[in-house]
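Here is how the chains run, residue by residue.
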Amino acid sequence: MIRAARLQACARQAARSYRFQSTLPPTPVKKSRPVRKFFFRLSLLTATFYLGGGYLATKNDAIQDAFEDFVPFGEFVVSNIEYYSYHKDELLSPFSKVNDSFADVKEKLGLEKTVPIPKQGVQSDKIELKKEEETPTETAVGRSLPLLHLETGDQVIDSTVNALNELIAAMNLKVTSLENQQVVESLHRSLTSLAEKYKTFSTAKQLEQGVVDEQLKTYLNQKEVELTQEFVNKLEEAKKQLEERHSKQLEGEIGAAEKRIQLEALNLIEQSKLAAIEQFNKVISEKVDSERANKLKDLDALAARVSEIEKYQLELGKSAGLYYNYRDIKKSIGALQGLLLSNESSPKRGEELVKELDNLKKLVASLDNDLITQAINALPSNDTLLRNGGVLTQSQLLARWELLLPELRSVSLLPPNAGLVGHISSFVFSKLLFAKSGKPVKTDDELIGNDIESVIARVNEYLVKNELDNAVEEVSNMKGWARKLADDWLAESRRKLELQFLVDLLETEVDVSV
Amino acid sequence: MSEITTSAPSTSLVNAKWDVVISNAIVKSGLGFGAGVLASVLFFRRRAFPVWLGLGFGFGRAYSEGDSIFREAGVREVKA
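Protein sequence lines correspond, in order, to chains A and B. So in our numbering, spot 506 of the first sequence is number 506, and the numbers just go up one at a time. Every position in the second sequence, counted from 1, becomes a number in our numbering once 1000 is added.
Errors might be hidden in some of the hints.
Calculated pairs, DSS-like style, for lysine-lysine (alpha carbon to alpha carbon, straight line, at most 30 Å) [what the hints assert, rightly or not]:
(1) Lys436/A to Lys1017/B
(2) Lys295/A to Lys318/A
(3) Lys479/A to Lys1017/B
(4) Lys1017/B to Lys431/A
(5) Lys465/A to Lys484/A
(6) Lys217/A to Lys205/A
(7) Lys1017/B to Lys484/A
(8) Lys439/A to Lys479/A
(9) Lys282/A to Lys259/A
(10) Lys484/A to Lys330/A
(11) Lys331/A to Lys282/A
(12) Lys318/A to Lys282/A
Hints listed in this document are in silico derivations from the structure and should not be mistaken for laboratory results. Small disclaimer: the values here were computed from a predicted structure and weren't measured.
The whole structure should be built from the sequences, with the hints applied where relevant.
See below:
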């Protein structure tokens, strides 16, 4: 323990000694601050440069141009210097703006009005106090110049007295000496004498004025009486003249009015006469008309009937014409249908068909029906009909189909893009196919119900049943070589179908429209 | 009528091709046969095999041309 305490004490002493050493004042080393120095010098130089340059620029135009063009912020500096050189006052009194604004605020608040301070009293008090302190020996204590007391009743004199009083008061604020007092008294005296003189003068003037007024009054009264007399005379004369003129005018007007009234009366009488005559005429004509109507009534009715009958006749003629036309059209259509459906094949079939069609076209032209004209336009042209010998009969179509069959069968087994071997094999193996009969059911499958034998069987069935449209549909659905081979047959059948359809359409339309 | 119908009827499309193919085959095989006979007489002391060879070439040529006819490529035209 004791050792430890000793050790501690030693340590403390050591620390103290060390601290003592460390707290010695350090020798002052003058630090050179190059950076600060540099910046200071730089700013100094810049400021002198700009100020000097700006000043020179204000003096010389050439320097100003160069300064503004080549020195950054040159223009700004020059403009600022110019501004301040023109507004030196503002630069010198920086608080003038503040004072102005303060005064504005005061004015707005109305502070100046609410605190009226009498200038004289305040100032004079202050000055008296000052005089007591500064020069108590020079002037009498509390002495002041006497004010002037004079009331003449005249405005001019009173105002001068007041002005003088103010002057005296102003002088009182400054030094008031005995000399001044004497001056004021002499002033007072002279003023009183002046006032008296003025008074006497004014009273004399008033008396004179009274006499003159009296004379003027009597003169004016005389004048008034004369003038009124004259006025009354003139008035009476004018009155007489006016009355005369008025009476003359009145007489003239009365005469004119009488004439006008007479004329109007005459007119009225004439008018009533004319109206009476007109009415009379009307009555007579009415009577005559009614008499005639009674007698000739039947004639009018007869004319009406005749015109009606004429109308009927015209309508009848028209409908008869229509009916004839209609009958002709029906006949022609019937002939066409006969030609289309007949089974007799003759070399003149095409010519007959064309002739009948031309006839029909002529007949139908008068109907002026859009649908019919369209149907006629859609018919195959005469040229094609003549070239192909009209249309084939049902038996001819069937015969051609039969002729086509072996060809169809021989190409029925061809693979796509078949070569020589393909054709040979198809030709050979088609001989082994079994012909179908009846009406095989069609399916979506490519093979079942859609093979060439099924198609052929169906077409045969349709042709026998005279359902050419279905047969054509079946054939046109074939593909590949078979479709190509059947092209001619298809064209023939289609022409026939087309003609049949259009003729049927014409017939129905004619039935409906006529 | 015959002057108006210019194109052949559609039913004889395949038959027309067959006609061309067969005639072509006869010509080509005939040429082959002829060439074979000539070679046999001139170079092979009338042995039979050149004739068969020529005939075979002829048929081969005819077959290839027939194939091209059916595939719509047509016959190769040779200008004499």
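We went through each hint and held it up to the structure:
{"no.": "1", "hint": "Lys436/A to Lys1017/B", "verdict": "29 Å, holds"}
{"no.": "2", "hint": "Lys295/A to Lys318/A", "verdict": "37 Å, violated"}
{"no.": "3", "hint": "Lys479/A to Lys1017/B", "verdict": "19 Å, holds"}
{"no.": "4", "hint": "Lys1017/B to Lys431/A", "verdict": "20 Å, holds"}
{"no.": "5", "hint": "Lys465/A to Lys484/A", "verdict": "25 Å, holds"}
{"no.": "6", "hint": "Lys217/A to Lys205/A", "verdict": "19 Å, holds"}
{"no.": "7", "hint": "Lys1017/B to Lys484/A", "verdict": "14 Å, holds"}
{"no.": "8", "hint": "Lys439/A to Lys479/A", "verdict": "20 Å, holds"}
{"no.": "9", "hint": "Lys282/A to Lys259/A", "verdict": "35 Å, violated"}
{"no.": "10", "hint": "Lys484/A to Lys330/A", "verdict": "39 Å, violated"}
{"no.": "11", "hint": "Lys331/A to Lys282/A", "verdict": "67 Å, violated"}
{"no.": "12", "hint": "Lys318/A to Lys282/A", "verdict": "47 Å, violated"}
The structure shown violates the earlier hints numbered 2, 9, 10, 11 and 12.
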